[in-house]
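Colleague: All chains should be built: construct the whole structure from the sequences, respecting the hints.
Chains as they are written, first to last, in the numbering used here: chain A, 26 to 284; chain B, 130 to 439.
It is worth saying that the hints were derived from the structure and are not from the lab. Where hints are given, some of them may not hold.
Where chain B lies over chain A, by a calculated footprint (3+ residues, C-beta under 8 Å) [said to hold, decoys possible]:
(1) 73-83
(2) 123-133
Partial list, derived from the structure: chain A residues whose beta carbon lies under 7 Å from chain B [stated by the list, open to error]:
(3) 106
(4) 109
(5) 110
(6) 114
(7) 120
(8) 137
If we take Cβ atoms under 10 Å as the criterion, some of the chain B residues that face chain A in the derived model are [to be verified]:
(9) 231
(10) 319
(11) 320
(12) 323
(13) 324
(14) 327
(15) 335
(16) 340
(17) 343
(18) 344
(19) 346
Using N, Cα and C, we set each Cβ at its ideal position, and we do this for glycine too.
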Amino acid sequence: MSKRIDVSDLNVYYSKFRAVEDVNIKIDAKSVTAFIGPSGCGKSTFLRTLNRMHEVIPGATVEGKVLLDGDNLYDAGVDPVTVRSQIGMVFQRPNPFPTMSIRDNVLAGVKLNARRIGKSDADDLVESSLRGANLWNEVKDRLDKPGSGLSGGQQQRLCIARTIAVKPQVILMDEPCSALDPISTLAIEDLINEMKNDYTVVIVTHNMQQAARVSDKTAFFNIAGTGKPGKLIEFDETATIFNNPSVKATEDYVSGRFG
Amino acid sequence: MTTNALTKPGGSGRTGDKVFSTASMAAGILILVTLFAVALFLFLQAIPAFTADPAEVSGGKGFLSYIWPIVIGTVIAAAIAIVLATPVGLGVALFISHYAPRRLAAPLGYVIDLLAAIPSVIYGIWGYLVLAPVLVPGYEWLNANLGFIPLFGGPVSQTGKTMLTAGIVLAVMVLPIITSLSREIFLQTPGLHEEAALALGATRWEMIRMSVLPFARAGIISAVMLGLGRALGETMAVALVLSTGNLIPSLIKSGNQTIAAEIALNFPEAFGLRMSELIAAGLVLFIITLAVNMVARWIISRHQEFSGAN
Numbered sequence: 026m027s028k029r030i031d032v033s034d035l036n037v038y039y040s041k042f043r044a045v046e047d048v049n050i051k052i053d054a055k056s057v058t059a060f061i062g063p064s065g066c067g068k069s070t071f072l073r074t075l076n077r078m079h080e081v082i083p084g085a086t087v088e089g090k091v092l093l094d095g096d097n098l099y100d101a102g103v104d105p106v107t108v109r110s111q112i113g114m115v116f117q118r119p120n121p122f123p124t125m126s127i128r129d130n131v132l133a134g135v136k137l138n139a140r141r142i143g144k145s146d147a148d149d150l151v152e153s154s155l156r157g158a159n160l161w162n163e164v165k166d167r168l169d170k171p172g173s174g175l176s177g178g179q180q181q182r183l184c185i186a187r188t189i190a191v192k193p194q195v196i197l198m199d200e201p202c203s204a205l206d207p208i209s210t211l212a213i214e215d216l217i218n219e220m221k222n223d224y225t226v227v228i229v230t231h232n233m234q235q236a237a238r239v240s241d242k243t244a245f246f247n248i249a250g251t252g253k254p255g256k257l258i259e260f261d262e263t264a265t266i267f268n269n270p271s272v273k274a275t276e277d278y279v280s281g282r283f284g
Numbered sequence: 130m131t132t133n134a135l136t137k138p139g140g141s142g143r144t145g146d147k148v149f150s151t152a153s154m155a156a157g158i159l160i161l162v163t164l165f166a167v168a169l170f171l172f173l174q175a176i177p178a179f180t181a182d183p184a185e186v187s188g189g190k191g192f193l194s195y196i197w198p199i200v201i202g203t204v205i206a207a208a209i210a211i212v213l214a215t216p217v218g219l220g221v222a223l224f225i226s227h228y229a230p231r232r233l234a235a236p237l238g239y240v241i242d243l244l245a246a247i248p249s250v251i252y253g254i255w256g257y258l259v260l261a262p263v264l265v266p267g268y269e270w271l272n273a274n275l276g277f278i279p280l281f282g283g284p285v286s287q288t289g290k291t292m293l294t295a296g297i298v299l300a301v302m303v304l305p306i307i308t309s310l311s312r313e314i315f316l317q318t319p320g321l322h323e324e325a326a327l328a329l330g331a332t333r334w335e336m337i338r339m340s341v342l343p344f345a346r347a348g349i350i351s352a353v354m355l356g357l358g359r360a361l362g363e364t365m366a367v368a369l370v371l372s373t374g375n376l377i378p379s380l381i382k383s384g385n386q387t388i389a390a391e392i393a394l395n396f397p398e399a400f401g402l403r404m405s406e407l408i409a410a411g412l413v414l415f416i417i418t419l420a421v422n423m424v425a426r427w428i429i430s431r432h433q434e435f436s437g438a439n
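Modeller: Encoded structure:
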């Protein structure tokens, strides 16, 4: 239930402006990969191209290949809807559907594409997904209450439960803890550590300690200056990136000399 | 002398605040007073119609049997308008907000807003001269094929000046209200919710069903209710388009009447008891509109917990 991602020569454009330049990266299955780098370096933009969510942004286009176990996401005839059902995404701010109950939030993705699910199957899936997101014990008595009544950290875990309920191959996380307090952040980080047993996880983070704590490999993105495209500077084992990077800019960034 | 250092010499020095709060409170009270004054006027002027000898009231059977048919007529005309305009209006609004390419969306929005700027008397003339004759063959077809349903009972009006025509004209008139209000609401859907649906693998229509429509629910209801209010109270278009008569079930035969048109057509020549009757009819219309608004508020508040607000 997890696949690898190979990206080759990927460029992202916002209309004419090149936002991300020539990214080549291989993301292993069942691993956690962190993207770090200063604001505006294109790491979130790049993350979105991994499940074609950048297409939601007007004017954003992509050149290059993203292979999910060998299948190119950008081949003609590939439906972004199919891509996104295999590569899920968790966002910066928790975004449960406010009009749905906790239970319906978890089942939201499963009920798409006119799929039907029996009541007992649905109950099982809700429980396993919420357990998978370490949220079950906190919400099991109020599954029919609105998801928007939970705390921020619980909402974010609800969003993770919703994402894993559709059983994706890959889960992308775009700064999932930036709107959360330290305790909720810890809960999510623990969860990410467990998730890599089943999924390929890619996480964008501004918090270098977080990258060091949760990831197996780390990619450092940087820009030469405003108006220049973002580039992948270095990609290696997390320990190497933080202790013994081969590029000067990486060392400056992880040691806090800039950014 | 002990003075509090925190008090300011020379008055409070917050004249601006006071002026503004007084002004805004006065404005608020003015609305209540106006509403109350209108209700009181209607009620006082209408009393003679309620207390009069039933034989003297128009129709000769008392006020209730006078008002009943035109209340039903009003509701039917407004209902036709809303049933026709709501799906079209929501569809157009969704098209503008979520489907149309940007280059097309803006001009289309303006055109819809322009529809709202056309005076109702123009709609009335258009319905009378253009729409009604055009619809006659359609009515004949309806009567021939669905004539067994009383709604489409014959004989068909040869001028087309029927309840259904009036309802269609009203639908065109309330369409811009429903469209532009719901379009505004649709556009306000938080991008976060839309992305949440898309990232789960939702198609565009599923995204709209999962995030846009639930978010816009209260707004849609308000838009429809505002449209309903307009359709209930609309005078000129109905007065011009409808060839009035007694209450009949058929929508494609001459007949029926609405409160607003009844008042507009008869008021200039009314005096004495007849005047009171018409004012009483106005009071009834006022109550219907008020009830519609209250029901709408109740529907909206019932789902507060699940609204997008929290």
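Colleague: Decide, hint by hint, whether the structure agrees.
Modeller: Evaluation of the provided hints:
1. 73-83: Answer holds; 4 residues pass the 8 Å Cβ test.
2. 123-133: holds (count 5)
3. 106: holds (5 Å)
4. 109: Holds, because the Cβ-Cβ distance from residue 109 of chain A to chain B comes to roughly 4 Å (cut-off 7 Å).
5. 110: Given a least distance of 3 Å, the restraint on residue 110 of chain A holds.
6. 114: holds (4 Å)
7. 120: holds (4 Å)
8. 137: holds (5 Å)
9. 231: Holds, because the Cβ-Cβ distance from residue 231 of chain B to chain A comes to roughly 7 Å (cut-off 10 Å).
10. 319: holds (8 Å)
11. 320: Holds, about 8 Å.
12. 323: With Cβ-Cβ at 7 Å, under 10 Å, it holds.
13. 324: holds (6 Å)
14. 327: Where the cut-off is 10 Å and the nearest Cβ of chain A is about 6 Å from residue 327 of chain B, the hint holds.
15. 335: holds (5 Å)
16. 340: holds (6 Å)
17. 343: holds (4 Å)
18. 344: holds (7 Å)
19. 346: holds (7 Å)
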